Structure formats: C-alpha cells, structure tokens
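Visitor: Chains as they are written, first to last, in my numbering: chain A, 1 to 113; chain B, 1 to 113.
Hints listed in this document are in silico derivations from the structure and should not be mistaken for laboratory results. Hints may be right or wrong, so weigh each one.
[Stated by the list, open to error] Not everything, but these chain B residues come out facing chain A in the computed CB check (under 7 Å):
1. H29
2. Y33
3. G42
4. L43
5. L45
6. Y48
7. A61
8. L90
9. F104
10. S106
11. G107
[Said to hold, decoys possible] Using 30 Å as the maximum straight-line C-alpha spacing, the simulated DSS-like pairs for lysine-lysine come out as follows:
12. A:K105 with B:K14
13. A:K105 with B:K57
14. B:K9 with A:K42
15. B:K14 with B:K70
This structure is a prediction, so every number in the text was calculated from the model and none was measured. Glycine included, C-beta positions come from ideal geometry on N, C-alpha and C.
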Amino acid sequence: QQQVKQSPQSLIVQKGGISIINCAYENTAFDYFPWYQQFPGKGPALLIAIRPDVSEKKEGRFTISFNKSAKQFSLHIMDSQPGDSATYFCAARAGGGADGLTFGKGTHLIIQP
Amino acid sequence: DGGITQSPKYLFRKEGQNVTLSCEQNLNHDAMYWYRQDPGQGLRLIYYSQIVNDFQKGDIAEGYSVSREKKESFPLTVTSAQKNPTAFYLCASSFPGRSSELFFGSGTQLSVL
Numbered sequence: 001q002q003q004v005k006q007s008p009q010s011l012i013v014q015k016g017g018i019s020i021i022n023c024a025y026e027n028t029a030f031d032y033f034p035w036y037q038q039f040p041g042k043g044p045a046l047l048i049a050i051r052p053d054v055s056e057k058k059e060g061r062f063t064i065s066f067n068k069s070a071k072q073f074s075l076h077i078m079d080s081q082p083g084d085s086a087t088y089f090c091a092a093r094a095g096g097g098a099d100g101l102t103f104g105k106g107t108h109l110i111i112q113p
Numbered sequence: 001d002g003g004i005t006q007s008p009k010y011l012f013r014k015e016g017q018n019v020t021l022s023c024e025q026n027l028n029h030d031a032m033y034w035y036r037q038d039p040g041q042g043l044r045l046i047y048y049s050q051i052v053n054d055f056q057k058g059d060i061a062e063g064y065s066v067s068r069e070k071k072e073s074f075p076l077t078v079t080s081a082q083k084n085p086t087a088f089y090l091c092a093s094s095f096p097g098r099s100s101e102l103f104f105g106s107g108t109q110l111s112v113l
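The whole structure should be built from the sequences, with the hints applied where relevant.
Guide: If you want it as structure tokens, here you go:
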C-alpha cells in the first residue's frame, strides 16, 4: 500500500513558467512533509519542508502549500529554470520518525529553455 | 569535508554471488538508512539503524543483510536470495530525533551480469 501518492510522474514546463507537483497521503500520523531534489547519478537532497500546523512555506522560488483537511500538499516552483530539471520526491514522516521517511514515487521535471 | 561516502559507484553481481555495498559517514550521525531506488518507484526502505549494534528491517529487507559495528559505517550485503537486485542503492544518515532531515550519499548502481 502506497502511503504517499505523487503526481504527475513527469512534467515539462517552459522556462519562466510555474511547475506544480502534488502529493496526497492517508496516514494521519504523518507530522512532517519534506521535498527532496535529485539530479541524475546523485543522491536526493532536502529542498524544503513543512509541518501540518502551517499552510504555506516559501523559500526563494520554491513554495510548499499544505491542506491538512484534504491531506494534500504540493510543491510550486516559480520562474522555473533549466537548472531546476531534476526528479522531485515528496515524503512524509510519522510521529517520532525513527524509521525514516516514506517517499512518493517521484516526478521527473524538465524545464525547456 | 563532511558527508556520506558510498562505494563503489558501480557494481556488478554474478549469479549466486553475495556483494557488499559500503557506506561511511563523518557527520557524527547516530541513525543510518539504506534505500533502494527503482525507476518510477521512488525510494523504498531496506534497513535502518538508530544506534551501533542495533538495526531493524524496513519494508523490503528480504534478500539483504546489514551490520552496524561502528557509528560511521553501515554496510549492506545483497545476498543471492535477492532475485532482482538491479537497482540504485542509497545510503542516508541523520541525527536522532530528526529523522526527516536525511543526508544521502551519491549512491551505488548495482547490476546483474
């Protein structure tokens, strides 16, 4: 059973446009929702994260929107650049989180120049 | 230069052979994790360890084994019982109580000859 559902699987956006990636979850014990960015042949790196008591968090061109009642959260990349082309993973952590993170299946983002 | 080092970057396994993937960290993290990444499947947890000489199975532990004899090291053995070992393997570490902030190595690509 997939605990974090991520969509779309792939996304093509023109340079300067807005990239939007969505995730949904069922487990109400999740209390922390990070996004990771991965370039080919590299390990993922933490991009931005949010807790469920906040509806939005912004860091530069990256924004997480969180809807607790709908159990959904999304990543928005404003003014998308070719250097943003990567695979993005949403993730979630249950309370305590000793067993790490549960990841979505990833979104392959391509920004066309 | 602190970080997580995985070796080798590429590894080939013959039929019936056990292979060991190395993971070393100098971040002074107590917790370490192994994830398996398959195209379009996201990251799935194999094993994790919160402290030296202790480790727990993740979601897909069958066919794998680990040891944690030193805080800095968490090697993963892919045994002959793992019938579909071809994947990208990622090691991660974190401070205790903050498992959401995972720091990843650059991965090992394992292929079957």
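Visitor: None of the hints should be skipped; say for each whether it holds.
Guide: We went through each hint and held it up to the structure:
About 12 Å separates the beta-carbon of H29 of chain B from the nearest beta-carbon of chain A, more than 7 Å, and the hint is not met. At its closest, the beta carbon of Y33 of chain B sits 5 Å from a beta carbon of chain A; the interface hint therefore holds under the 7 Å criterion. Annotation: interface hint on G42 of chain B holds; nearest CB of chain A at approximately 4 Å, less than 7 Å. Because the smallest distance between the Cβ of L43 of chain B and any Cβ of chain A comes to about 4 Å, under 7 Å, the interface hint for this residue holds.
A hinted interface residue such as L45 of chain B counts as satisfied when its beta carbon comes closer than 7 Å to some beta carbon of chain A; here the least separation is about 6 Å, so the hint holds. A hinted interface residue such as Y48 of chain B counts as satisfied when its beta carbon comes closer than 7 Å to some beta carbon of chain A; here the least separation is about 6 Å, so the hint holds. A least Cβ separation of about 12 Å between A61 of chain B and chain A goes past the 7 Å threshold, and the interface hint is therefore violated. Here the hint on L90 of chain B is kept, as its CB sits about 5 Å from the closest CB of chain A, short of 7 Å.
This hint holds: F104 of chain B has a C-beta 3 Å from the nearest C-beta of chain A, less than the 7 Å allowed. Given the 7 Å rule on beta carbons, the hint for S106 of chain B holds: about 5 Å separates it from the nearest Cβ of chain A. Against a cut-off of 7 Å between C-beta atoms, the interface hint on G107 of chain B holds, since the closest Cβ of chain A lies about 5 Å away. Restraint check: the Cα-Cα separation between K105 of chain A and K14 of chain B comes to about 29 Å, which is no more than 30 Å; the hinted pair holds.
Distance hint between K105 of chain A and K57 of chain B is fulfilled; the C-alpha atoms sit about 21 Å from each other, no more than 30 Å. Distance check on the hinted pair: K9 of chain B and K42 of chain A sit about 10 Å apart at the alpha-carbon level, within 30 Å; holds. Of the supplied pair hints, the one linking K14 of chain B and K70 of chain B holds, its CA atoms being roughly 29 Å apart against a limit of 30 Å.
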